[in-house]
Amino acid sequence: MNSIKRGDSVLIIWNNGDQNSIQKLVNDINNLTKDGSVVLENSEMISGCSRPQSSFDVVLSNFISPHTIHHSDELLAIILKLLKPSGKFILKDETDLISALKLNGFVNVTRESDNTYVGSKASLKLNGKVTAPTVWKLDDTVEAAWTGVNDDDIIDDDQLLDADDLKKPDESALRGL
26 MNSIKRGDSV LIIWNNGDQN SIQKLVNDIN NLTKDGSVVL ENSEMISGCS
76 RPQSSFDVVL SNFISPHTIH HSDELLAIIL KLLKPSGKFI LKDETDLISA
126 LKLNGFVNVT RESDNTYVGS KASLKLNGKV TAPTVWKLDD TVEAAWTGVN
176 DDDIIDDDQL LDADDLKKPD ESALRGL
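Per the numbering used here, the very first residue in the sequence shown carries number 26; after that it's consecutive.
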């Protein structure tokens, strides 16, 4: 519960809990978030389109007895979509879920002694405008680009010929014997 701060938007996923337990958990979370929001969703009713994507700072799952939520890949994918970047996912479960959480996209996954798992959604670091390195300079015209680059590679044909090459052959040398 240390991950919940004032103003956070919290989603509580529950299943088969009694009304008093649910109300107590909601009140505890409301005391932590103060002006934040707390939303309840049943694990069997939640779907990817039930809430807007990236709308929760913290998702709590299976905190209400009897702790019967099965954290399938489908449920974990939905939770990941609902979390904001760098959002926390905190769940209670008896089974080992570290690899399942990592395979479904959660990072910094840890397991605490009371079978509580804490994972987070990867953060997006967008530093504004991304500039690509310039590979070609397109300021020149095509003709200038072709001739300007290769001028030093072209050999003048007249420099290849010497004086003997420019003489016309003698007629007598051209006749056969």
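The reader is advised that the hints may include incorrect statements.
Said to hold, decoys possible - The list that follows gives simulated cross-link-like pairs (lysine-lysine, BS3-like), each with its CA atoms no further than 30 Å apart:
#, residue 1, residue 2
1, K49, K117
2, K192, K127
3, K59, K30
4, K109, K127
I should point out that these hints are in silico values taken from the structure, not numbers from a laboratory. Predicted, not measured: the structure shown is a model, and the values here were computed from it.
Each hint tested on the structure:
Taking the CA atoms of K49 and K117, the gap is about 17 Å. The hint holds against a cut of 30 Å. Proposed proximity of K192 and K127 is contradicted: the alpha carbons are some 83 Å apart, above 30 Å. Between K59 and K30 the CA atoms are separated by roughly 9 Å; this keeps the pair inside 30 Å, and the hint holds. As the CA atoms of K109 and K127 are separated by approximately 17 Å, the hinted pair is consistent with the 30 Å bound.
Of the numbered hints stated above, the single one contradicted by the structure is hint 2.
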